[in-house]
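Engineer: Turn these sequences into a full structure, and let the hints steer you where they fit.
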Amino acid sequence: MIRLTAGELAAKLGLNCCGPSERVVCGAASLGEAAEEQLAFVGSAKYFEAGRASKAGTVVAPPGYEPAEGQAVIESPQPRAHFAAALGVLYPLTTTAAGVHPAAFVDPTAVVDPTAEIGPGVRIGPNSRIGARTRVLHGTSIGAGVVVGDDCLIYPRASVYDRVLIGSRCVLHSGCVIGADGFGFEFSAGRFHKVPQVGTVEIGDDVEIGANTCVDRAALGVTVIGTGTKLDNMVHIAHNSRIGKHVVIAAQTGLAGGVTIGDYAIVGGQVGVGDKARIESRAVVGSGAGILTSKIVRAGEPVWGTPARPLRQYLAQLATLARLSKRKGGT
Amino acid sequence: MIRLTAGELAAKLGLNCCGPSERVVCGAASLGEAAEEQLAFVGSAKYFEAGRASKAGTVVAPPGYEPAEGQAVIESPQPRAHFAAALGVLYPLTTTAAGVHPAAFVDPTAVVDPTAEIGPGVRIGPNSRIGARTRVLHGTSIGAGVVVGDDCLIYPRASVYDRVLIGSRCVLHSGCVIGADGFGFEFSAGRFHKVPQVGTVEIGDDVEIGANTCVDRAALGVTVIGTGTKLDNMVHIAHNSRIGKHVVIAAQTGLAGGVTIGDYAIVGGQVGVGDKARIESRAVVGSGAGILTSKIVRAGEPVWGTPARPLRQYLAQLATLARLSKRKGGT
Amino acid sequence: MIRLTAGELAAKLGLNCCGPSERVVCGAASLGEAAEEQLAFVGSAKYFEAGRASKAGTVVAPPGYEPAEGQAVIESPQPRAHFAAALGVLYPLTTTAAGVHPAAFVDPTAVVDPTAEIGPGVRIGPNSRIGARTRVLHGTSIGAGVVVGDDCLIYPRASVYDRVLIGSRCVLHSGCVIGADGFGFEFSAGRFHKVPQVGTVEIGDDVEIGANTCVDRAALGVTVIGTGTKLDNMVHIAHNSRIGKHVVIAAQTGLAGGVTIGDYAIVGGQVGVGDKARIESRAVVGSGAGILTSKIVRAGEPVWGTPARPLRQYLAQLATLARLSKRKGGT
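Protein chains in written order, with my numbering: chain A, 7 to 337; chain B, 7 to 337; chain C, 7 to 337.
Source of the hints: derived by calculation from the structure; they are not laboratory data.
For clarity, every value in this text was computed on a predicted model and none was experimentally measured.
Note that identical chains are pooled: a pair holds if it fits in a single copy or bridges any two copies.
Below, in silico cross-link-like pairs of lysine to any residue (SDA-like), each with a Cα-Cα straight-line distance of 25 Å or less:
1) Lys-282 to Gly-49
2) Lys-200 to His-88
3) Lys-61 to Thr-206
4) Lys-251 to Val-153
5) Lys-301 to Arg-318
6) Lys-52 to Pro-69
7) Lys-52 to Lys-282
8) Lys-200 to Arg-175
9) Lys-200 to Gly-38
10) Lys-251 to Leu-159
11) Lys-332 to Arg-318
12) Lys-52 to Phe-193
13) Lys-52 to Lys-301
14) Lys-61 to Gln-84
15) Lys-18 to Lys-200
16) Lys-301 to Arg-329
17) Lys-301 to Gln-319
18) Lys-200 to Ala-35
19) Lys-200 to Lys-282
20) Lys-301 to Val-290
21) Lys-251 to His-199
22) Lys-282 to Val-254
23) Lys-282 to Gln-84
Structural biologist: Following this line, the structure appears as structure tokens:
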């Protein structure tokens, strides 16, 4: 962990420090849990009192905040965002240990940038390419013909199947599986026959993929995850889905095949989306919603429930049911 | 990728080729995305126009299809199935690289067929047996006393616990876990005590297990996955469940303990099935349904919703709720 | 497998054996499936007949049970619990093979107890500590600054990120990921910026974590899993959640950020819990329930449905809907 003064930290953030700028900052915590050498943040005027009651020696706070005695203040119009930036300073990522670990299995036809780090037990298949400063950590499996861009961080024990393309500055967490076969079978003569899944997956830049999340390859063509999109843990993206840019999908949500999601859409956790449904740009889907096959969800009012409907309608129906049930002596 | 002529491909499929049979085929795509050297398929008369508008140089199409100028036609009464077969020709699976990688950890008491492939970092535990031409790829963990049949494909980073039996021609995707302990505890004296899970898992032939899917071992006896059954990604099969033959279960569905599913049943995604429920042969369960403990689901009408009920009943209830809510001015 | 006589087994359990105590016991099964040399149990008077009809040569049974001819009886006031204890005798866990496998990657600054077992392909990061008799099996990834207590069993291919603390006697199944980043982003200037997740995870003693389950690290501070708590497969615990002691959470349940669960609560499978909701001590949440953000669930009546409500209310509403729908000719 880094140790610096409040003044030095403020300077790194391009902000002013008021009060005892020589205070040491070493780590960060919430207002309620911070200790003297830790940084906390006061999000808005609503938290001024909590800020003064906090034991944090240094706080990021908006203009107008009056600190507790002895508290250093790093003044910011956006305390939350600057606090996040401060975390990057206080807890720097481990830097890349350039080079291929002697116990990695790199195919002779693979091209690994000399500034990349390939950890022990990692496999890189034939004709794959790993970009500059990208870290591929312990035990990860990279297939054949895969391209990974620059400055990516692939945590231990991820799986990337053959021919998947991954942009730059992506983060893949442990246990994610990118490019496994789509779930496609033809039924004939009393049994299911596998339809070869010959497409692939393309992942843009700045994408984060959560732990144990699965993105299946397309049957034909590509499954797409757009630039800037963030997937939480255990999300399932089936074959041929196309997710736009800067989309957020919370944990345990599942998309069936051929789903389209527009840019800046927000999808809650445990949502189920049927085949070929379309969630339009900037639409919002509440947690646990179920979206039927081929349904279109538009921007505007968030949708909830199964089958997904506008929030007001969903709430009205819940209220109706409760009222009728009560009137009949149900409860 | 394979390169051949339309005529050669038709011959391999046992079909006729009409038109310019010397056209080169190299890869496949959908009608809308295919390029000149790619194969596409025309599923039925409904797609005749799209077929003629496609840039695909060669199509698999039903009798009666009139091709675009210069388009080769591989005529088939079942274009979809023959297209799937063509994919197998155009994108052959990597052949097995027989032998044990020097960086695999194979117990001296394990028996690996000389035609099998054991990848780097794989572990094969004591007394386990790996069949002919089976591929066990990078980093997979096979416990003790496991039997894997012939011609299986186990992708990187799968886990198979002790004593699990797996048939022939099975496909196990990355991250799946077969044979972990069932979730069994006895509560006494203020805490939970583990009930040793001493049963195992038996998987038939031709089974496919999706990425990150979990099949728990039985408390006593066996958890069974029948021949020909296909499980999608992140499916949870709890201890002592018995799944029949040629069953399909879509992603993120979970079965509690002791569930029975009959042959040819179809279960959608994100379904929850309570303890000891029984889904009968050929029954159909809609995505997102919740099946209560000990409930029996019969073949015939598909069931939907929670608690799961016949589709018509489910739809009628949704309609009633919408109508009542509207009448009361809800929306 | 262990082979002993009914008398010897009874002695190990501190119980009496009636009848032919020289019968061999070698393995266990259910009453319906047991063979002559297997142990089964008769849970209560309800099963007396099944006990007598069973082929089991030895049974654990309550006082008053009259055995079949030639059947040995180990008499117990708590047959189920003593049967579980007998399983531990009949199927002992593999003992620890103390030592570090030559193909493990243990950082020179890590401290591994000489009685611990570190399997092939395992990585232990800088400054981490592994306690006495703990087994870390094939391919598992342990980050930097991690502490694992004594007598833990970590199955192959688990992931533990940096700085996570794990107590003693814990079991971690294959594919679980402990300490991946919480899902935290700040939106500004048209894109999401990662909020560094600088907290960690603390896991108490006697915790069991299911296969492919994910417990995310806190943004700041800690995500806590209390002593004695059991998580089933594919459970998602988001950043900063705090789970009490002796809690049970069934498969595929997901907790959003900052959720609190009190001691001895029971949460079914596929439950979704919104941000900052609180499930109080000894509360019971039915499978598939959806608990809204900031909602408080109290002990007493179990809750069901989405949004979660007391079971009686939920049932009354289902009944109302069914009745109204029928009256209108819906079905």
